[in-house]
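Trainee: Let chain A serve as the given structure and place chain B with the ligand on it in line with the hints.
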Amino acid sequence: MKAVEKKNEDSAVTVLSFDTSTAAFAAAIVRNGERMDSTVSFTERNHSVRILSEIKDLLSRNGIQSKDLDAIAVGQGPGSYTGVRIAVTVAKTLAWTWNKPLVGVSSLESLALGAWNSLQKSDEYMADERKIWIVPVMDARRGQVYTSRYEATTSGEWSRIDSDGIRLIADWAKRIEEEATTDSQVAEVWFVGDLAVHQSAIELAEQSGARLRTMSFDMDAEAVGQLGEIRFRQGERADIHTFVPNYTQLAEAEAKLLAASRGE
Amino acid sequence: MNEQRDTSADSPKGDYVLLAIETSCDETSVAVVRNGREILSNVISSQIETHKQFGGVVPEIASRKHVESITIILEEALREANTSLEDIDAVAVTQGPGLIGALLVGVVAAKSVALALDVPLIGTHHIAGHIYANHLIGDIVYPAIALVVSGGHTEIVLLESEGKFRIIGRTRDDAVGEAYDKVARALQFPYPGGPYVDKLAQEATEEVVLPRSWLEPDSYDFSFSGLKSAVLSEINRSRMKGESPDFSALARGFQQSVIDVVTGKAIKAAKEFGARQMLLCGGVAANRGLRERLSSLCEEMGLPLLIPPNKLCTDNAAMIAAAADLKWRRGQFSSLDLKAEPILSLEDWSV
Ligand SMILES: [Zn+2]
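Chains A and B, in that order, are what the protein sequence lines are.
Sequential numbering from 1 applies to the first sequence in our numbering.
Sequential numbering from 265 applies to the second sequence in our numbering.
Bound-form chain A, shown alone:
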């Protein structure tokens, strides 16, 4: 492959971003941290069908050609195994064919940042100098969720507290509640994302301490692009050939084989 052109810290950056880890197909073009255009759809549960047409439309209606793109950013998971594979395969194949830098971002972090962007614009959210915890949630069945925890401040700080993983929502919400109760710097806790089946478990976790607030939120590819752009400007590049989804767990057959080999 040809050497990729080096970008100046402050030169304009245009990123094509997308994610298929959830029920939403989300794609966006992000330029210098701002959404240029985006699309989101739920009509087709099988994201593999429309993904390339949607990307093609998105690019052409904005007059963007491959040469105008500086990088491709993709939600690397976790999430639906099949879903994540679709976006990751499209991203790595487009990046390879176009010879573009590829940046993988956490789908959970994208969900959290998208929700945070939206909260900051809404009345729901009360400005405070203290920290806000954003806890992204994706259903992983049997009372489990793919989740992690991010910390945000109104002055624009954004950092990860926990790694992406699969956890039992009941235990997880309880732990977050306890930690928020003992940490006086935490002003608000927001569980965001796919909450339909987990709302009650989150409510149950509330003791007399921190209030756990919830907001249903769908994946927004603008956040995928924003996170991707930051990584890209920091010089991060995924190796296209070895790039794979972050499944967070072994395939069931592998887990069983491993357990058997340990004599479990």
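In case anyone wonders, no lab produced these hints; they're calculated from the structure.
Mixed in with the good hints there might be a few duds.
Pairs of lysine-lysine residues, derived as DSSO-like cross-links and limited to a Cα-Cα distance of at most 30 Å, are as follows [to be verified]:
| no. | chain 1 | residue 1 | chain 2 | residue 2 |
| --- | --- | --- | --- | --- |
| 1 | B | Lys505 | B | Lys463 |
| 2 | B | Lys316 | A | Lys256 |
| 3 | A | Lys56 | B | Lys505 |
| 4 | A | Lys121 | A | Lys174 |
| 5 | A | Lys256 | B | Lys446 |
| 6 | A | Lys67 | A | Lys56 |
Calculated from the model, a selection of chain B residues having no Cβ within reach of chain A, i.e. all distances over 10 Å [stated by the list, open to error]:
| no. | residue |
| --- | --- |
| 7 | Ile401 |
| 8 | Glu471 |
| 9 | Gly595 |
Glycine included, every Cβ here is placed at the ideal spot set by N, Cα and C.
Mentor: Relative to chain A, chain B with the ligand alone:
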């Protein structure tokens, strides 16, 4: 000698280069083929070593492996073909049938390349690929009878003319390859055991004669589950008597029964439909016993027979290019919304 031989020279664009992708099961394969027949590269990355430890193909793991390999194999195929992306005129991909999760990886990769290069996409039927693997090694004369035997398929297909598929017989239960693998397991061979059974049958001096499942006299369909059960009950019977079963005689009995029925029906179909050629294809076409019997039967009746070399019999992308060539020459392309189909009709895929 044959009115319908290679017409690619008449195609609208003359010389053209097809990039083909096949990921329907546990092989990630990419090929670069010129004019539908000339293989410039045919790279196959098999996952067999991974699936062996599970005793069969695990769909989720197959899908994961395809994602790991896809761009590596794409790059290797181009390098081996000494071709660059700019030379690619169209992208072909296995649309089905196959494991849905595995197909999806190939399909979205193919769509990505087609979009990125702005070239046509051709969704291709896997079995059409197995049949047209024969077009990579010789000219096909119509009408032809194709005997498709693989791990997932056992079919007799009539090709009245180029690209027109009519299934006249199919298995009602196990595919031949599946029956071989199950019998191999009973004979304590590791997965995939088909080749071991073939070898053991070839070397056997005794034969336990097992039933032939001909079904209704006018049917071209197959059934192998009874035969498989017969092998298992033979093994049980010996053990009950405190004897150790004669595996090699059983392997021979099983193989003879399969070959008798499969070749018998294919030859009967050739006669009934006035075939001018017999095509053997699919992964089980590598079976020596089957090749030899079909060759001698075809020779007896003066029917020309084509059998691709082993590398083109097992799943590979060159065969997908060979079938996609049928559509290319007719300008029949797929939309970017092509959908991977775990079950896909061969007849409907006809040109
Ligand atoms: Zn096959």
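Trainee: Among all the numbered hints in the text so far, which are the ones the structure does not match?
Mentor: 3
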